[in-house]
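The residues making up each chain are set out below.
There are 2 protein chains.
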Amino acid sequence: MSTLNKQYRLAARPVGLPKDSDWEFTSTEIPTPGEGEVLVKVHYASLDPAMRGWMNDGKSYIAPVGIGEVMRAGTVGEVVASNNPGFAVGDYVSGMLGIQQYGLSNGTDLTKVDPNLSPLENYLGGIGMPGLTAYFGLLEVGAMQDGETVLVSGAAGAVGSIVGQITKIKGGKAIGIAGGADKCKYVVDELGFDACVDYKSDSFIDDLNAALGGKGVDVYFDNVGGEILDIALARLNRHARVVICGAISQYNNTTPLRGPQNYLNLLVQHARMEGFVVFDYIKQYGEGVKALATWHGEGKLKFRNHVETGIENFPATLLKLFSGENFGKLVLTIKED
Amino acid sequence: MSTLNKQYRLAARPVGLPKDSDWEFTSTEIPTPGEGEVLVKVHYASLDPAMRGWMNDGKSYIAPVGIGEVMRAGTVGEVVASNNPGFAVGDYVSGMLGIQQYGLSNGTDLTKVDPNLSPLENYLGGIGMPGLTAYFGLLEVGAMQDGETVLVSGAAGAVGSIVGQITKIKGGKAIGIAGGADKCKYVVDELGFDACVDYKSDSFIDDLNAALGGKGVDVYFDNVGGEILDIALARLNRHARVVICGAISQYNNTTPLRGPQNYLNLLVQHARMEGFVVFDYIKQYGEGVKALATWHGEGKLKFRNHVETGIENFPATLLKLFSGENFGKLVLTIKED
Chain S
1145 MSTLNKQYRL AARPVGLPKD SDWEFTSTEI PTPGEGEVLV KVHYASLDPA MRGWMNDGKS
1205 YIAPVGIGEV MRAGTVGEVV ASNNPGFAVG DYVSGMLGIQ QYGLSNGTDL TKVDPNLSPL
1265 ENYLGGIGMP GLTAYFGLLE VGAMQDGETV LVSGAAGAVG SIVGQITKIK GGKAIGIAGG
1325 ADKCKYVVDE LGFDACVDYK SDSFIDDLNA ALGGKGVDVY FDNVGGEILD IALARLNRHA
1385 RVVICGAISQ YNNTTPLRGP QNYLNLLVQH ARMEGFVVFD YIKQYGEGVK ALATWHGEGK
1445 LKFRNHVETG IENFPATLLK LFSGENFGKL VLTIKED
Chain R
1145 MSTLNKQYRL AARPVGLPKD SDWEFTSTEI PTPGEGEVLV KVHYASLDPA MRGWMNDGKS
1205 YIAPVGIGEV MRAGTVGEVV ASNNPGFAVG DYVSGMLGIQ QYGLSNGTDL TKVDPNLSPL
1265 ENYLGGIGMP GLTAYFGLLE VGAMQDGETV LVSGAAGAVG SIVGQITKIK GGKAIGIAGG
1325 ADKCKYVVDE LGFDACVDYK SDSFIDDLNA ALGGKGVDVY FDNVGGEILD IALARLNRHA
1385 RVVICGAISQ YNNTTPLRGP QNYLNLLVQH ARMEGFVVFD YIKQYGEGVK ALATWHGEGK
1445 LKFRNHVETG IENFPATLLK LFSGENFGKL VLTIKED
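Just so you know, the sequences run in chain order S and R.
For the first sequence, the working numbering gives the first residue as 1145, with consecutive numbering after it.
For the second sequence, the working numbering gives the first residue as 1145, with consecutive numbering after it.
If several chains are the same, the list does not tell them apart, and a pair holds so long as it fits within one copy or across any two.
Below 35 Å or equal to it, Euclidean Cα-Cα: the simulated DSBU-like pairs (lysine-lysine) are:
| # | residue 1 | residue 2 |
| --- | --- | --- |
| 1 | K1344 | K1203 |
| 2 | K1444 | K1344 |
| 3 | K1427 | K1314 |
| 4 | K1329 | K1203 |
| 5 | K1314 | K1434 |
| 6 | K1359 | K1203 |
Just so you know, these hints were derived from the structure itself, not from any lab.
Could you build the full structure based on these sequences and the hints that come with them?
Now the structure itself:
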């Protein structure tokens, strides 16, 4: 085996969409674990909209990735060397090891996963961060109740697809918004949403109103921001909850971000808009993983991964998130053999 | 006494600031109360930012004022004729009788008030709707806790002035935003806020940061919207609450409303933004009035009214709200003798 560790490092802070020149593709020696450390061979990396935010300078819920540092990413892999009594060679783990073939950890940020229970890549998706984001966002932040109507944007995406399925499991009405007829068909036929409307269609507004049947929205779970957020704000029921999970339509803006013009409908409807990141619920991850894995095992919760291959394809693959080309949770296979 | 009842009626839906031609000044016979009805001679009318919203067509928390109808307004006055056993001639009452000298009511929307306990005009201000708006907005919607930092815009206004004073009563730090040095001096010296910053000053941002002492905001109580809302959103503490009470900077816009561009800080800080109107708390008004009147009686809560005189001055006086010319709760004396 090669003794080199290929890595993607952040070379410059992007303006708008990340360009090739914003990255540096490097090779260094595979590190040797020190006292208490674990060396993990990365099998899969998770590509997520949040990564775009980590590339910007400035205060956020997590420090930005430094220039010259390996790009931060969620990963799953196999322990190949360990000086930590908590981890043995051959263990499978998930953790934030970044876009590289081998990562070192002191073990505190690693979670053991079982590839016999579910394919390894699902620990980056449906029973990983996106699944937990959907779970805590809908049930804790959104406080969704039986019988309520939930509208979710990015409905075919890693988070949105699970939001709608949990809505159905919990007795609600799930209406998705997605880009394109294929995605909408998948959301309704495969995932069991009550309806899905295509925001790229000329009849989007009429279709949305028809799906709502003249009624309003109790929970709007927003992954996209921009105009769709405003359209949802105009359709809130009294005491509605707007869950701000992301704003992928705005992440690559070079002009000022579009604020929600209809925010005063929060006043009219005594509604609230609340943001969160999944890390806020770290103490409850066990509960969330258990629920997601159970529903998945019972066939009530379906996951779809969009897997691309090769660390060298990282920059181009990441861009698929922003063009909406991915269909399902976007995962990059890093392991070469 | 004249048998005519002067009234201001809505003649047209304003575009931007209300113009003279949007009003019709009429005189009709003073009505005679029918079975169960009460005739009230209006002493004072309350002029409030919310009135601008009632002049627009479209769905809101309350039906718009119809073209040709007497302009809706909160009032206090004296019962001068009654066919309702609940009210006697000589009773003082508050109710939504509108911009007119005499109003009829079936009594269900009237509340008896005691001018010996507090001057009549205070029932339109500190112990009326603005006081209740501050009370429920800060303590229920904002869920303000002992030791927290509360930032409030419109700090010299009818609602904002009370928000900061309740903050102090409840053990918090109160920082106001107001327009002009005189208002800021009043807010600190008379009302006891910890600090007040002048948004019209060139050093506004620096002054605000200095008042916050490098710390963030736990509750932002927003009466103004626009750029100041964005400035506050950028300074939220974790789990902060943004209370949307109004957006006076935006009510006369003829261009699209400015949405809060910094709303994604809700995500970063796991914060929430929630709107309300005081009518949402109608069942708790008694509790609120009692608390406000008690604090006022103990000298802990001060009110300032800006009283103008003459029903014929209604259109011009209303505009003072939007230019910020009023200093204290804006009240119009309607009673002529």
